Structures are given as C-alpha cells and as structure tokens.
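Each chain, letter by letter, is given below.
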Amino acid sequence: MNMLESSVNQAAGAAAGAKPYLQIVDVVKKFGDNTVVDHINLNIARNEIFALLGSSGCGKSTLLRMLAGMETPSSGRIILDGEDITHLAPYERPINMMFQSYALFPHMSVAQNIAFGLKQDGLPRGEIAERVERMLELVQMKKYASRKPFQLSGGQQQRVALARSLAKRPKLLLLDEPLGALDKKLRQQTQLELVNMIEQVGVTCIMVTHDQEEAMTMAGRIGIMSDGQLLQVASPGEIYERPNCRFTAEFIGETNLFGGHVVEDEPDYVRIQSAELPRPVHIGHGITGTLGMPVWLSLRPERVGVSRQQPVGDGNWAAGTVHDIAYLGGFSIFHVRLPTGKVVKASVPATRWREEAAPTWDEPVFVSWADNDAVVLTQ
Amino acid sequence: MNNANNLSVFGKLSLGAGFAFLYLPIVVLVVYSFNASKLVTVWAGFSTHWYGELFRDEAVLSSLWLSLKIAFLASTMSVVLGTIAGLVLARFGPFRGKSLFAGMITAPMVMPEVITGLSMLLLFVQMQQWFGHPAERGVLTIWVGHVTLCMAYVTVVIRARLVEMDRSVEEAAMDLGARPLKIFFLITLPIIAPAIASGFLLAFTLSLDDLVITAFLSGPGSTTLPQLIFSRVRLGLNPEINALATITVLAVAVLVVSANRIMVRAERRRARLAAAAA
Amino acid sequence: MMSRLLSLRDSRDPAGRAARRAAWWQRLAPRGRTLVTAIPYGWLLLFFLVPFLFVLQISFSEVEIASPPYRALVERSEDVLNIALNLGNYTYIFGDPLYFDAYLGSLETAAVTTAICLLIGYPIAYTIARAPEARRNTLLMLVMLPFWTSFLVRVYAWMGILDSNGLVNQALLALGLVDAPLQLMHTQLSVQIVMVYAYLPFMILPLFSNLVKLDGRLLEAAADLGCRPWKTFLTVTLPLSKNGVVAGSMLVFIPAVGEFVIPELVGTPESLMIGKVLWMEFFDNNNWPMAASVTIVMLALLILPIVYLHKREEKALARAARR
Chain A
15 MNMLESSVNQ AAGAAAGAKP YLQIVDVVKK FGDNTVVDHI NLNIARNEIF
65 ALLGSSGCGK STLLRMLAGM ETPSSGRIIL DGEDITHLAP YERPINMMFQ
115 SYALFPHMSV AQNIAFGLKQ DGLPRGEIAE RVERMLELVQ MKKYASRKPF
165 QLSGGQQQRV ALARSLAKRP KLLLLDEPLG ALDKKLRQQT QLELVNMIEQ
215 VGVTCIMVTH DQEEAMTMAG RIGIMSDGQL LQVASPGEIY ERPNCRFTAE
265 FIGETNLFGG HVVEDEPDYV RIQSAELPRP VHIGHGITGT LGMPVWLSLR
315 PERVGVSRQQ PVGDGNWAAG TVHDIAYLGG FSIFHVRLPT GKVVKASVPA
365 TRWREEAAPT WDEPVFVSWA DNDAVVLTQ
Chain B
394 MNNANNLSVF GKLSLGAGFA FLYLPIVVLV VYSFNASKLV TVWAGFSTHW
444 YGELFRDEAV LSSLWLSLKI AFLASTMSVV LGTIAGLVLA RFGPFRGKSL
494 FAGMITAPMV MPEVITGLSM LLLFVQMQQW FGHPAERGVL TIWVGHVTLC
544 MAYVTVVIRA RLVEMDRSVE EAAMDLGARP LKIFFLITLP IIAPAIASGF
594 LLAFTLSLDD LVITAFLSGP GSTTLPQLIF SRVRLGLNPE INALATITVL
644 AVAVLVVSAN RIMVRAERRR ARLAAAAA
Chain C
18 MMSRLLSLRD SRDPAGRAAR RAAWWQRLAP RGRTLVTAIP YGWLLLFFLV
68 PFLFVLQISF SEVEIASPPY RALVERSEDV LNIALNLGNY TYIFGDPLYF
118 DAYLGSLETA AVTTAICLLI GYPIAYTIAR APEARRNTLL MLVMLPFWTS
168 FLVRVYAWMG ILDSNGLVNQ ALLALGLVDA PLQLMHTQLS VQIVMVYAYL
218 PFMILPLFSN LVKLDGRLLE AAADLGCRPW KTFLTVTLPL SKNGVVAGSM
268 LVFIPAVGEF VIPELVGTPE SLMIGKVLWM EFFDNNNWPM AASVTIVMLA
318 LLILPIVYLH KREEKALARA ARR
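Chains as they are written, first to last, in our numbering: chain A, 15 to 393; chain B, 394 to 671; chain C, 18 to 340.
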C-alpha cells in the first residue's frame, strides 16, 4: 500500500506542482456487510484525465457516485481543492457528472437541458443564454438547440449531456461509462473528440469504464479496480508493459502466465524456474525479492517469437508443437503446446513469413523471447 | 408459421366470443332504451321518449350533479395523496412501518366494499360521539370514503410509473444543483404527468360509480346517482334507466377512446425516446 | 465518527464548516421526508386501519334501541367502570346455519366465479398479449371499456336479458324450444353469470400485463426443440404466467366473497350471500353489532389471501425496480 501510494503521489505530482487537486483518503463504502469500496487512496492532479477501469461490480461506479455525492462513504474523506466535500449534498458540490444513460430531461429542449444547472445557481438570464450558446458551440449542437432529446441520435445526446455537465464549469467532471451507450464504430471516433473537448475546457476529469481501449485512449492515468480495491495506478503504457500484479496483467490485454520461483537472485539479473517451462527464464534486471520466493511471469503474446530453428542460449525458449492457429489478417495467434502441457500463445505479424512458409498444425516449432520481455509479478 | 396460424385461429375465436360476451348485454341495453313501451323487454316501436323523461327527472339531474361534484373533489384529493404515497413507496427507500403502509395501499382495492363502508361509518359515528364532528353523514363523509378508496388505485399507477422511470434523470438534476423539492416539481412531476392524468381518470370513474361505500356514508340529503339508480333498479326494469345507462356508456366510450388516443401518442413518444436513448 | 466530527469543528478549518453544513442538511432531510410520508400514512391509518378497531369493538357489544343502536363496551356508572364484553354475536354466527351457509355459499360462488373468469380470461389475455403491438392497445381498450362504464349499468344490462320476458326467453320461445318462459332471473345461475361478467376485467388485466412480458423467443425455442404448441403452452407459457394467474384470481376472489349488489339485484331471495347478510343486518334490522361481527368473521377469512396477494405484488415490484 505504501509503495502504491508513493507511486500515485509521484505521478500526480509530476502532472501538476506539488499539491494534489483531488484527494480520496482511505474511503470505504459498505452496503450492509458487503464492502464495495475498500480503503481507496487516490490523488488526482489539476486538469488530469483519469480513468477508473474494472469489470462490473468492482466498485468503480460506487466510488464515482461517492464523488458526485449520490452515496456517502462509510468512512474516509474526499477533499477537492482544499475543501472537504465528503458530506456535502450532490447539489452543493462543484462537481458535475455525465451519466451513463445521459439522463437528459426528456421534457426539456437541448438548450433548456444545458441551462438547467445554471438556473439552479440563479445566474442572470443574459449570462445563462451566453453560456448555453458557448456550450452549444463547443459540442457543435447549435443547430439542435430547440430539439427535444428523443429527436437526437445517441452521439448527439452524448454531446448534449457533456455540454450540460460542463456548463456550470465544475471543478471536477465525472464521466460514467461515457461511451457505453454508443455502438462500437461511433465509440472509437468519439473517444478522441471527447478528450479534445475536455482539454479545450481544461477541466479535471475522472471517468469510469469497463472498456480498456476507452481508458487507454482517453486517460492520462488509469487506476485498475477489482473487488473494491485499487490495484495499480499508472499511465496506460506502464500498465500494459509493467503490470504490478497478476490481475492487472490478465485484465489488460492478453498474456501468458507461468507460475514459478526464483532460483538465482543477483543485483543485475534473476533466474526463475517454472514447472511449466523446460528451462529457466532469465530476466535482465534485479527484483525486490528473495531466493526461492514464488512469483508469476507474464509474457505478452507479441513478445513471443515462433521459429523452426532452435534459438541460442540456455534460457528464454522452449520447444513445442503448433496446436492451433488463429488467422487474424495482419497477424496470427499461434498456440504452441509445450511438452509440459502448457500452451503458449504467440502473436506473430504476417510479415514474419516472407522468407519461409508459416508453420502449420502439429509442426514442431520453438518459442522464444528476449531477456526483458517477461515481467515478474510478485503479487 | 403453421403453429402461429393455428394459434391465431383459436385466439380469434376466443377473442370474438369474449367480445360478444362483453358487448352483447350492452347492445341489448342500448337497443331497449329506444323502446316506446314502458315494459322494457316488449318491443313497441322506436322512440326517444324515455330520454325526454330522463332529462325532465329532477331527482336524476340533482343526483348526477352531486355525483360529479363528489367525483371531482375526491379524485383531486386522491391524486394528491396518491402521488405522495407513490413517491414515498418508490423513492424513500426502507423506513419503519413501510410494509404496513404498502399493505394499507393494497387492501382497499380488494377489500369487499361492504367491509370498508361499514368500518368507515362506525369510525364517523364514534368521532361524532367523541368530538361532535362530523355532525352528520353527507358529502364530506362520502368524500373521505371515496378518497381512501381511490388513492389506493392512484398510488399503484403512480408507483409503477416511478419504479420504471430512469432514476438517473432525477440524480442528474440533483447533480446540477437542484434540491429535492425542486427536483420533484421540475423533473419528476412533468415526467409522470401522463400517469397522474390516468390516475385522475381512474379515480374519477371509481368515485362516480361507487355505490356500496356511498350507501354507508351518505346522509338523508345526499343521494348520489348510483344510489338513485340502485333504488329504482331494485324495483325491476325501468326504461328511464336504460336511457341513462346508454348515455353513460356513450360518455365513457368517448372519454376512454380519446384518452386512449392521447395515451397511445404519449406512449409512442416515450418509446421513441427510449429507442433513441438505447 | 462522532469524535472525528467534533475534531473537525474548528471554525478556521473549511473542512469543518463543510462537515457542519452536511450535518445540518442531514438532520433536516429526514424531517422533511417524515412529514411528506406522514400525510398519506396518517390518512390511511385514520380512515382505513383505525375503523377496524371500532368494528371489532362494536362486534362485542349488544344491540340497543338508541342512537347509535348499540351499547357502549365501556360504561361509567356511579364511578364504576363497567366493561361488558359480549360474545353473543359470535356464538350466534357460529350456531345459526343461516350464517354458516351464507359464508360457505359466498366462498363457493366466489371460487366458481374465479375459475370461470380464469377460463374465459386467459385465452383473451393471451391473444391480446400476442397480438401485433399496433393492435394490442386498441384490443385492450375494447376489453376494458365495459369496465369503465358503471358497475350498476353492467349488472342492469343482464336484468333485461335474463328477465322472464327477456331476450333469452323470447328467443327460446320463438324457436319453440320451451313452452313457458324459464326462470333465469333470481337463480344461482344468474348470480354466477353476472358475477363473471362484472369481475372478468380484473382477471384479464393482470394476466395481460404478465403475458405481454413473455418473451416470444421462448416459444420459438420450444417449437424449435420439437415441442407441440399445446405442450409448449403447458410447459412454458403457463408456468411463466403463474404470477398473473395468482394476481388475477385474488383480485376476483377477494372482493367477490363480499359482493352485495349482484346477489341483491339478480340473486335468489332464500340463498344469501354474506355481503347481503351484512347489509340486511345493518340497514334492515338495524343490528350494528351483528353486522360488525359478520364483518370481523369475513375479515378473518379474507386477511390471509389479502396478505398473500400483497406480498406477491411487493416482490414483483421489487424485481421490477431492480431491473
């Protein structure tokens, strides 16, 4: 936990000055005996776009609802820009949320929807009109100002919902599965559009999603949640390349996992023996651990090479036979069965087979990887 | 396909028989209302004589006026109480005594009216002994009885609508700075307005139609239309009642068909909205 | 929790101010809610629940020629508090076959009414629920239209048909099937017909709203797996519509037990239904204590079905809310 917190602080500190903008301090939420959010600590920097990523039921939505004020934490504090907002009612918080279903008021026009929050603040009519105008411009919905929500497409509704939640210039913008209600094609196109709009306004933003592609495209940092706990907080690249635990490695992308233990532990390298691999794995850097400790190895399929020639060296390769091939156009996934029974997945680009024909079913092949390709997971 | 056809033949037959069962008595009733004879079932030629008699019948007209007045007042009050009760049940989460409350909403709908009527009467009698109020049975006591019966129906209609309504719309309003009371009037009420309208209509017809509870709670000076009809029908067939019934059927048909049209239109709008939001 | 709240109560500390404001709002909020809840709750307690206590009380008193026509249970005479609990009404009810037969007859009539309503109502509800969506609404409206007209009008309509000079007898005589008019009115048959007619909508509506939710693909899947339509109905449709069947049956059965208007207008004078007995005790005999006792026994019979129906409906609503 300590290590995690310091890494969080580091990342947040790197993004903006010293003091975190939003602090989530030891927040717990229980429904009866059920702990849904379990001692979450998180700092968010000003103007950051942060994604909480996890499967359904992991507590991410509850955490978001606590930030919005729809739920009250069982314990812990939430501090925004120096103010403790833990017990403020939703309508007293300088935080606005874009709901998963958009939750547009069905009986109000687009302009009325956007103006709603401003009216609650009692702003003068002229200013409301001006701000609504600017918001409509931002989301390019000026033409549709007098339409009712049901006369809009899903993408348009989404933009109105965004405009409505940005109109009050919140200190924090919350997005609940922002693109979940759109179909896949529209989603990819909208992801970057949404980020552009958020950055244009310059608002700190926390989004919740179960879609890793969405999180990796849109967010500067990602927090992986499972079972109410925050497992890893890091940039998309780091999360993918350096997962800190087995859950993250398996949750993000595809990976080959091997159970094993440390057989050689030196400052500049370690060797790990796995029952599932015929020879030890050589890692080109030291780890914080002890000799003999059980670890997991994560090896991404795109790091695994397939060849007919036996690789050189005494580690980081294995012989096997092609068990299955999934042809995916630009690349293929080879499932190679080792003598130990373990099946290793290797993602091989089509360009690999220019010189020679690709191996076929039941052909004996070798799989191999480089020194630093396997990631040691101690949790 | 064959299966579906078999089914629809059976379905059409049962539907046809059902509609015949439902509408034949009403058709007969309407036809006899134009019978010239005083003997309702002995046809003696077409005549609108009994309609004329009906409109000259002071007792019918005054009791109709009283019934309409009570129905309007009772349905208005029951819509207010029923909306609040529906909101409490659908939105307020668990609270102590909630199941008793929900039970008191269900019970009046199925409770035989003789039971409800008698027990309420005994309450009013007791109240009069203790507080001297209500001094006598009449419009006020009938109104209380009708409100109690009708609010149960209104509550059920409104609660069902609230339960199926997307709660995040209300949460969005709260998130944008509206307080609970404001959310109710600006967001919830406009969205459930169709349910409130149909609740009002239901309450109005229930009150207008009620005989048994009214019989227990009415006093000497307050005879409602159902009471008047009942006292005459008890004596046997009466051509004037046929005329009155025909008018009732016609009025209800016009009202229900037009209300249905409005509902269907609102429903389509909502369906489109749901489709667009999905 | 409390100690942290206290420690935060420092006026210079903005977080403390926020916490105090929250505490103020949280204390106020439940009060507003309680007030809102109290309005309909109080109404129902006063006008629906409390009256039953008076019914219970009066059922234990004796009839008296006075206004109101019963003796108070609690009397204060010469500083002595007299509480006279009179069980006579109940022993009378259980002793006299007239009451027993009336209760039994009511239960029987209600049960038969429920069964026939189910038999007629199910195919109608099913057909409407399976009809194309555009036509569904109109069909349902046509079924419900008679329900919206007056209850009395619906009963009265049958009086013209079942009368000894009524449509049925005229037709039978004209066809030469009978020589003299049949006695149709004021029979158990006429009561049964009119009861079914009056209560049918209460069966169709819950059945329809249940059947309309039935996923048509389930029936297709059953057919695809080789199930014949009739068997599909018995093994898929019927079990899935159990909630609708139960709700509809309860909505017909419970009020039918206490029905007064129909037996009064089209029933036989000799075989009494309990709703009519209650009415006669109250209005004709002016015996309020007896009417109250009859009510209490009827309530005792009906309370279980009412509670059962209520629990089922609440469960269904809770399921709907979760979705």
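Hints should not be assumed to be uniformly reliable.
Said to hold, decoys possible - For each label pair, taking beta carbons as the anchor points, the in silico distance ranges come out as:
#1 C:A238 / B:W436: 41 to 47 Å
#2 B:L461 / C:K328: 33 to 39 Å
#3 C:A151 / B:W436: 39 to 45 Å
What the hints assert, rightly or not - Within a straight-line C-alpha distance of at most 27 Å, the following computed DSSO-like cross-link-like pairs (lysine-lysine) qualify:
#4 A:K198 / A:K133
#5 C:K332 / B:K405
#6 A:K133 / B:K405
#7 B:K575 / A:K185
#8 C:K230 / B:K405
#9 C:K248 / C:K230
#10 A:K162 / B:K575
#11 B:K491 / C:K332
Keep in mind that the hints were calculated from the coordinates and are not lab data.
Quick caveat, the model's predicted, so the values are computed rather than measured.
Here a beta-carbon is modelled for each residue, glycine too, at the ideal position from N, C-alpha and C.
For each hint, the structure was consulted:
Checked against the hint of 41 to 47 Å, the pair A238 (chain C) and W436 (chain B) fails, with Cβ atoms roughly 56 Å apart. Between L461 (chain B) and K328 (chain C) the C-beta distance comes to about 38 Å, which sits within the given range of 33 to 39 Å. A beta carbon spacing of about 40 Å between A151 (chain C) and W436 (chain B) agrees with the range 39 to 45 Å that was offered as a hint. Of the pairs offered as hints, the one joining K198 (chain A) and K133 (chain A) is violated, with about 35 Å between alpha carbons and a cut-off of 27 Å exceeded.
At roughly 34 Å between alpha-carbon atoms, K332 (chain C) and K405 (chain B) are farther apart than 27 Å, so this suggested pair is violated. At most 27 Å may separate the alpha-carbon atoms for a hinted pair to count; K133 (chain A) and K405 (chain B) exceed this at roughly 56 Å. Straight-line distance between C-alpha atoms of K575 (chain B) and K185 (chain A) comes to about 24 Å, which keeps the hinted pair within the 27 Å bound. A distance of roughly 20 Å separates the Cα atoms of K230 (chain C) and K405 (chain B); the hinted pair therefore holds under the 27 Å criterion.
Of the pairs offered as hints, the one joining K248 (chain C) and K230 (chain C) holds, with about 20 Å between alpha carbons and a cut-off of 27 Å not exceeded. For the proposed pair K162 (chain A) and K575 (chain B), the alpha carbon gap of about 21 Å is at most 27 Å, so the pair holds. Taking the CA atoms of K491 (chain B) and K332 (chain C), the gap is about 14 Å. The hint holds against a cut of 27 Å.
Going through the hint list in order, the structure does not satisfy hints 1, 4, 5 and 6.
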